[in-house]
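Work the whole structure out from these sequences, hints included.
Listed in order, the protein sequences are those of chains V and Y.
For the first sequence, position 28 (counting from the first letter as 1) is numbered 28 according to the working numbering, and the numbering increases by one without interruption.
For the second sequence, position 71 (counting from the first letter as 1) is numbered 71 according to the working numbering, and the numbering increases by one without interruption.
No lab work stands behind these hints: they were computed from the structure.
Every value quoted in this text rests on a predicted model; they were computed, and no experiment measured them.
The beta-carbon is built from N, C-alpha and C at its ideal position, and this holds for glycine as well.
A portion of the hints provided could be inaccurate.
[Claimed, not checked] Counterexamples of contact, computed for chain V against chain Y with all Cβ distances above 10 Å:
no. : residue
1   : G13
2   : P47
3   : R52
4   : A73
5   : L90
6   : A96
7   : E106
8   : A117
[As the list claims (entries may be wrong)] Pairs of lysine-lysine residues, derived as DSS-like cross-links and limited to a Cα-Cα distance of at most 30 Å, are as follows:
no. : chain 1 : residue 1 : chain 2 : residue 2
9   : V       : K89       : V       : K58
10  : V       : K58       : V       : K131
11  : Y       : K58       : Y       : K131
12  : Y       : K131      : V       : K131
13  : V       : K58       : Y       : K58
14  : Y       : K58       : Y       : K89
[Claimed, not checked] Chain V is nowhere near these chain Y residues, computed Cβ spacing over 12 Å in every case:
no. : residue
15  : A6
16  : Q17
17  : E60
18  : N63
19  : G66
20  : G75
21  : A96
There are 2 protein chains.
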Amino acid sequence: MDPLTAEVVDLIGTMVQRFHQEYDAAAAVHHLTGAQARVLALVSGGPMPMRRIAERLKCEPSNVTGIIDRLEAQGLAERRSDPADRRVKLAVATGAGRDTATRLRESLDFAREPLAALSEHERRALRDLLKRVIDPRPAD
Amino acid sequence: MDPLTAEVVDLIGTMVQRFHQEYDAAAAVHHLTGAQARVLALVSGGPMPMRRIAERLKCEPSNVTGIIDRLEAQGLAERRSDPADRRVKLAVATGAGRDTATRLRESLDFAREPLAALSEHERRALRDLLKRVIDPRPAD
DNA sequence: TATTGTTATACTCTATAACTATA
DNA sequence: TATAGTTATAGAGTATAACAATA
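Laid out in structure tokens, this is it:
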């Protein structure tokens, strides 16, 4: 691996660490773990089957049961039955859950401060480069 | 938050997730967890006090005990006493541990494939932008 | 007294496997 | 028979508090 690529990988590693720290800290303010905050954000958009949540988290469905349990215990989410298929349970944020999710999103300093150091032109350049790193062939 | 910044934050989130998946998968090939792989990389550079490892991981020192225990059980790391201060224990990778760390570093597909899609000029641009995001004031 | 590392404990996340209720 | 969600279990990471050895 050439030194330049190694340097970029190192920077990405640092950013990953920073991102997690800030995310977990922001979640902790609301008495949530990182995983709980992530799921709360997911179900704030609308009802979502447990199975789909597991897919988005890339974890086993059995784990989602406990995470929703804990969100439900805090009154931030609830389960509903899917009328179309009674095997399915839909998890959805309550009003309080949506409020928490909104405040959590706004409190992500990571988003505000470091990116504020870049001009709009630079942010656009960063966006385009990240897009290509994440998805090497957008239209190939 | 303006839409452009939100988009960049979203992309960073995606990259963070991708990075973790690839890192954990690469570690699993060597029967290591992500945390174990990270510590192995740290102690591959030379002996390091348990305390310092905890600082680098930003976790409590008590957690490092178990992680080093598990690396030691696999013969990848060992503890030494610090002659200068007998309270201190230095963790260091064994020969096998250094080999594993090297192969692990080389197997990080995340580094190779996505970044290969960028030209050297673009990688340099990405490096400079990430540097400024990570450390908003390098010389201010 | 203060510091280093460890132990003990509790909680959360994770995967696996077995179970239930529905389809 | 297959699928959705749950329960049970075990391993790992994490924080907290109490502890032994050393400074």
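query = Does V:K58 lie within 30 Å of V:K89 when you go C-alpha to C-alpha?
reply = Roughly 18 Å separates the two Cα atoms, so the pair holds.
query = Does V:K131 lie within 30 Å of Y:K131 when you go C-alpha to C-alpha?
reply = 18 Å, holds
message = Over 12 Å from every CB of chain V: does Y:N63 meet that, or does the non-interface label fail?
response = 15 Å, holds
query = In terms of Cβ atoms, is chain V entirely out of 12 Å range of Y:G75?
reply = 26 Å, holds
message = Tell me if the straight-line CA distance from V:K58 to V:K131 falls inside 30 Å.
response = Distance ~21 Å between V:K58 and V:K131 Cα, so the pair holds.
key: Exclusion check [V:A73 not at the chain Y interface, CB over 10 Å]   = Answer for V:A73: holds, closest chain Y Cβ roughly 26 Å.
key: Minimum Cβ-Cβ distance from Y:A96 to chain V exceeds 12 Å   = Fine: 22 Å to the nearest Cβ keeps Y:A96 off the interface.
ask   = Does V:A117 really sit off the interface, with its C-beta more than 10 Å from all C-beta atoms of chain Y?
value = 4 Å, violated
key: Straight-line alpha-carbon gap Y:K58 to Y:K89, limit 30 Å   = 18 Å, holds
task = Examine each Cβ of chain V, and state whether all of them lie more than 12 Å from the Cβ of Y:A6.
result = Label violated. Min Cβ-Cβ 8 Å, cutoff 12 Å.
request  = Would you check whether the claim that Y:Q17 is not at the interface survives, using Cβ distances to chain V and the 12 Å cut-off?
outcome  = Answer for Y:Q17: violated, closest chain V Cβ roughly 8 Å.
ask   = Is the nearest Cβ of chain Y still more than 10 Å from the Cβ of V:R52?
value = 16 Å, holds
The earlier numbered hints that this structure contradicts are 1, 7, 8, 15, 16.
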